[in-house]
Amino acid sequence: MTNVKSTSVEVRLPSRLGYEKVAMSTAAAVAKLMGFKPERVEDLKTAVAEACINAIEHGNLLNEGLSVGVVLSSVDDALEVKVIDDGKGLRKLPVKPDIDRKIHGEEDPRGMGMFLIQALVDEAEWVKGTNGKSSYVRLVIRLDKETD
Amino acid sequence: MQTDTKARIDQVTSPAGHPVTVLRFEGDIASTSKDAVLGTYQGLPKETAKLVLLDFTKVDYINSSGIALVIQMLIEAANSGQKVFAFGLSPHFTKVFTMVGITKYAGLFPSQPEALAAL
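Residue numbers (this note's numbering), protein chains in the order written: chain D, 1 to 148; chain P, 149 to 267.
Same shape as in the complex, but just chain D (with noise of 0.2 Å):
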């Protein structure tokens, strides 16, 4: 079970604050299966569950008649996460959250999320949709990368 190569899995979530823990655990499976170490598990886990809320909470606006779409995509040694919505997309990359703002009122105390997903992963890029919907985050985390 050690060697899984350009395997997919694909998990469908309702669009219900709670449920990224979902993909969340089927990501971490998929990620031991690869061999990640376990603190890359980690990095994934967090960086798949903010990418679900996000679709969750901005892609499809909390609408439990939609869903979220999680593909996981293993091919030698990486691992491709594709979470999709039913929203138009990122207009554009917030800004890089700033702790000292925030604890002065200058900065919202949310909006962590996408910069967790960035600082985790190897790779994410926001894709917009065609017809402005079907929007997605493409994340890759890749098995030999040294950590510190």
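Keep in mind the hints are simulated off the structure, nothing from the lab.
Quick caveat, the model's predicted, so the values are computed rather than measured.
Don't be surprised by glycine CBs; every beta carbon is placed ideally from N, CA and C.
Once the Cα atoms are required to be at most 20 Å apart in a straight line, the calculated SDA-like pairs of lysine to any residue come out as:
| no. | chain 1 | residue 1 | chain 2 | residue 2 |
| --- | --- | --- | --- | --- |
| 1 | D | Lys37 | P | Ser238 |
| 2 | P | Lys252 | D | Arg101 |
| 3 | P | Lys182 | D | Glu57 |
| 4 | D | Lys88 | D | Glu125 |
| 5 | P | Lys243 | D | Glu42 |
| 6 | D | Lys96 | P | Met247 |
| 7 | P | Lys231 | P | Thr161 |
| 8 | P | Lys194 | P | Tyr253 |
| 9 | P | Lys252 | D | Pro109 |
| 10 | P | Lys243 | D | Gln118 |
| 11 | D | Lys82 | D | Leu33 |
| 12 | D | Lys82 | D | Ser25 |
| 13 | D | Lys133 | D | Gly69 |
| 14 | D | Lys37 | D | Ala78 |
If the Cβ cut is set under 7 Å, some of the chain P residues that face chain D in the computed set are:
| no. | residue |
| --- | --- |
| 15 | Asn211 |
| 16 | Ser212 |
| 17 | Ile219 |
| 18 | Gln220 |
| 19 | Ile223 |
| 20 | Gly249 |
| 21 | Tyr253 |
Please arrange chain P on chain D, whose structure you already have, making use of the hints.
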């Protein structure tokens, strides 16, 4: 799907003799945790609870909404002249708290004895 957040308050004394209020959390820290995290903190007497220690030992999942609640607590603590410290975070969430800059405003320690020894 999210595990309810439970919060408990303990009063302890540091080896240096300072009274310390410990907020012990259990479960997930997410958007649904506002009452447990901020509500419990806001119930503390600001005049006497000057040193606040957050116990994350029994917390498995913290997301960005949960981190925002901790930051809101730190904002209120800074405005009230309180000092906040934390212990019991997993290595991953210690890294995450460091990444977002929380360590600038709340010292992190591996365990309660190590935290208390520093207060």
